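S.K.: Residue numbers (my numbering): 67 to 312.
Warning: the hint list may mix true and false statements.
Now the in silico label distances, taken between C-beta atoms and shown as ranges [unchecked claim]:
#: 1; residue 1: ARG165; residue 2: LYS235; range: 27 to 37 Å
#: 2; residue 1: ALA233; residue 2: ARG304; range: 24 to 34 Å
#: 3; residue 1: GLU80; residue 2: PRO191; range: 33 to 43 Å
#: 4; residue 1: ASP195; residue 2: ARG165; range: 14 to 24 Å
#: 5; residue 1: PRO191; residue 2: GLU296; range: 22 to 32 Å
#: 6; residue 1: ARG225; residue 2: SER295; range: 18 to 28 Å
#: 7; residue 1: LYS235; residue 2: ILE181; range: 15 to 25 Å
#: 8; residue 1: ALA223; residue 2: GLY108; range: 30 to 40 Å
#: 9; residue 1: VAL197; residue 2: THR227; range: 29 to 39 Å
#: 10; residue 1: ARG225; residue 2: ASN77; range: 15 to 25 Å
#: 11; residue 1: LYS164; residue 2: ARG225; range: 26 to 36 Å
#: 12; residue 1: ASP195; residue 2: LYS303; range: 21 to 31 Å
#: 13; residue 1: GLY108; residue 2: GLU137; range: 34 to 44 Å
#: 14; residue 1: ALA233; residue 2: LYS164; range: 21 to 31 Å
Worth flagging that the hints you see were computed from the coordinates, not collected in a lab. Bear in mind that the values here come from a model prediction, so they are computed numbers and not experimental data. Note that CB positions come from ideal geometry on N, CA and C, so glycine has one too.
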Amino acid sequence: MLQINKIYNENNLETMSRMPDNFIDLTVTSPPYNMNLRIRNGKYCSRQIVKELSTKYESFSDNMPIDDFYEHHKRVLTELLRVSKIIFYNIQIVTGSKRAFFKLIGDFSNSLKDIIVWDKVNAQPSMSDKVLNRQSELILVFCNDGAISRKYNTFNAKRGTVSDTWAIKKQKSQSIKHGATFPEELAERIITLFSDSNALIYDPFIGTGTTAKMALINGRSFIGSEISSEYCDIANKRIAEFTPWN
67 MLQINKIYNE NNLETMSRMP DNFIDLTVTS PPYNMNLRIR NGKYCSRQIV KELSTKYESF
127 SDNMPIDDFY EHHKRVLTEL LRVSKIIFYN IQIVTGSKRA FFKLIGDFSN SLKDIIVWDK
187 VNAQPSMSDK VLNRQSELIL VFCNDGAISR KYNTFNAKRG TVSDTWAIKK QKSQSIKHGA
247 TFPEELAERI ITLFSDSNAL IYDPFIGTGT TAKMALINGR SFIGSEISSE YCDIANKRIA
307 EFTPWN
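Assemble the whole structure, with the sequences as input and the hints as a guide.
M.R.: See below:
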């Protein structure tokens, strides 16, 4: 039986395998970017890890072959659609992810409810000539119930007050080894808008614990999965003061 308000140091597929259908009210997550898969002479190649480019894990190369990256996210999304009522899946379109995510958008089109643009306000400079600066990330919204409609089952805001483009600046990292911290403001906005109090929130790539912290602060419970034991330690220290038993 899964424990509520706990981060599991394991592969998220293992965590979800112990969840019954529709167990989670809301999933909020931002997977690794696969930043270190590059293109050379028109073909994919895995580059040696460069510290400033390894966005999520020191021990994780972030350079999966594009087909493996696609298959991994396909399995994760398939399981999330089984266990979660609605999913907010934050992605960045980079060289190492774009073909996989474009394909996944097509494969899961019947479950894709909406796309929210996260405007990071300040653009990240391009790494080479003739490439656009990247200022935005996309939040793909998936669900099984009512994906054909734009109307959300839970939406805690008045009509006409929330747009589909959110200007939120990047946040300082919780660790020098984790260069892509999910902003607290972004996680909090999703949690408070699209779930009710006492809801159960899940993050399958919880990293340093932003989703957990904002769930607890806003009267929700959480479950997290994280393969890095180092990040689990950081996250648990970060949320310790907000857990109900402390």
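S.K.: Taking the hints in turn, state whether each one holds.
M.R.: Status of each hint after checking the structure:
Checked against the hint of 27 to 37 Å, the C-beta distance between ARG165 and LYS235 comes to roughly 29 Å, which is consistent with it. For the pair ALA233 and ARG304, the supplied restraint of 24 to 34 Å holds, since their beta-carbon distance comes to about 25 Å. Distance hint for GLU80 and PRO191: a CB-CB separation of about 38 Å, consistent with the stated range 33 to 43 Å. Range check, ASP195 to ARG165: Cβ separation about 21 Å, and the 14 to 24 Å hint holds.
At about 29 Å, the CB distance of PRO191 to GLU296 agrees with the hint of 22 to 32 Å. Range check, ARG225 to SER295: about 45 Å between beta-carbon atoms, so the 18 to 28 Å window is missed. Taken as a hint, the range 15 to 25 Å holds for the pair LYS235 and ILE181, whose Cβ atoms sit roughly 21 Å apart. Between ALA223 and GLY108 the beta carbon distance is about 46 Å. The supplied range of 30 to 40 Å is therefore violated.
Hint check: VAL197 to THR227, Cβ distance near 36 Å, so the stated range 29 to 39 Å holds. For ARG225 and ASN77, the Cβ-Cβ distance of about 41 Å falls outside the hinted range of 15 to 25 Å, so the restraint is violated. A hinted range of 26 to 36 Å for the beta carbons of LYS164 and ARG225 is consistent with their spacing of about 34 Å. In this structure the hint that ASP195 and LYS303 lie 21 to 31 Å apart at CB is violated, the actual value being about 43 Å.
Between GLY108 and GLU137 the beta carbon distance is about 23 Å. The supplied range of 34 to 44 Å is therefore violated. For the pair ALA233 and LYS164, the supplied restraint of 21 to 31 Å holds, since their beta-carbon distance comes to about 23 Å.
The structure fails to meet hints 6, 8, 10, 12 and 13 from the earlier list, while all remaining hints are met.
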